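Chemist: Could you put together the complete structure from these sequences and hints?
Mapping to UniProt numbering: the sequence shown position 174 is 174, numbers consecutive.
Read the hints as simulated data drawn from the structure, not as lab findings. Heads up, a few of these hints could be off.
No more than 25 Å apart at the CA atoms, straight line, and that leaves these computed lysine to aspartate or glutamate pairs for DMTMM-like [said to hold, decoys possible]:
1) K100 with E48
2) K295 with D274
3) K179 with E193
4) K336 with D286
Computed from a prediction, not measured in an experiment: that's the story for all the values here.
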Amino acid sequence: MILPVIMAGGSGSRLWPLSRQLFPKQFLTLTGEHSMLQTTALRLSGIEHQAPVVICNEEHRFSVAEQFRANNIKNSGIILEPVGRNTAPAIALAALNAVKGGEDPLLLVLAADHVIKDEAAFCASVEKAAAHAASGKLVTFGIVPTAPETGYGYIKRGDTVTANNGAESGFVVNEFVEKPDLATAEKYLASGEFYWNSGMFLFKASSYLAELKSHSPDIYAACEKAMAEIHPDQDFIRVDKEAFEACPDDSVDYAVMEKTSSAVVVPMDCGWSDVGSWSALWDIEDKDSDGNVFKGDVLSTNSKNTYVNAQEKLVAIVGLDDVVVVETKDAILVAKKSQVQDVKTIVNQLKAEERPEFQIHREVYRPWGKYDSVDNGERFQVKRITVKPGAKLSVQMHHHRAEHWIVVSGTALVQNGDKEILLTENQSTYIPIGVVHALENPGKLDLELIEVQSGSYLGEDDIVRFEDRYGRVK
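Modeler: As structure tokens, then:
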């Protein structure tokens, strides 16, 4: 049986301002009706598989859980990385978790942020690869190239490999090569012997662990120690932080695939893209007669070959050519399409200046719902808070701020000191500094309220939690 392993780490900084550190591109709906993570899970319907395992970092855990819950997608656990250590250790955690009960599934390793247009072709390649993986081979999927792309690594194929079912569906991996220059990429394309390196894999859990132990024993040992004492928490699987921090940082290509003699590449021609930039997103989207891609409320005249993503406001463009415009509640990006790779430079500048636009959106998702920072000043902040039905914020208090809550719609059950009160539309309550309080939605509809904070310090770290349904009490 195939056990999908969805890698949901990464920051996707080149898709700023939509992608932020705490809400990166795998959680965004960039194409179609679902987020990239949801789409990755849903495309598995074409193959026989167990509920997927997801690997993400600690700060993204509630986003992953909520996106699966919102689409009724089952999972076999969400493994939390206390720190990022690249793909080889992440896959090792999933493999060790998979074999601990005596089973040995085929691990289908997928990135959560890839676009695949032809899902039938994707499933067909996975089925072909399964025969090789079942015999102990480590399969990587090579994307049939459509252009001399310089932004991808390549895989050179060798001799044909016949699976144990007699199918000639794969090739020996002759060589992994780094991102080439244009002239080299053109030679690769003309030869017909090279594929784009997709970063997707299929192998037995035991086969991967054996090769990892042989070629990168330090990674194997650190991950084995990290998984020796796991701490389940709802759907989350927490590993030993100290042990995993000591693990080397290395990709699966460098740690295993370039060193093993068991690597096989199976071609995949499925309309694949890793959507690594705004220009890549323009490439794969349907365009109008002028080559434009417009998302949201956009008006245009005399513009062509331009990508506009309007999240909140009307965006009007005049006379643009080969330009990207992305508008969010708190930031606007305007860039030449040929230079969108340099968006990462802006993100690094925001990070260096410790600006919040690097890390979070104005609208922030929480396990109980979300809040939108509507306005702020030197000693005040106004938020619009949405609490899901049945959800409850932690029992908490603040040392530096008071809060005033006004219910806009729905019903709020409020703990305010030693009092418990029920508030409905247009009713309010005031919570002084230092008073223990909690907010719950006992109803069947979303609770919407306005929170006005006032005080000398309004940071999110001025929260002392006493009780919490979501494991956030230290």
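Chemist: Which earlier hints can't be squared with this structure?
Modeler: Those not satisfied: there are none.
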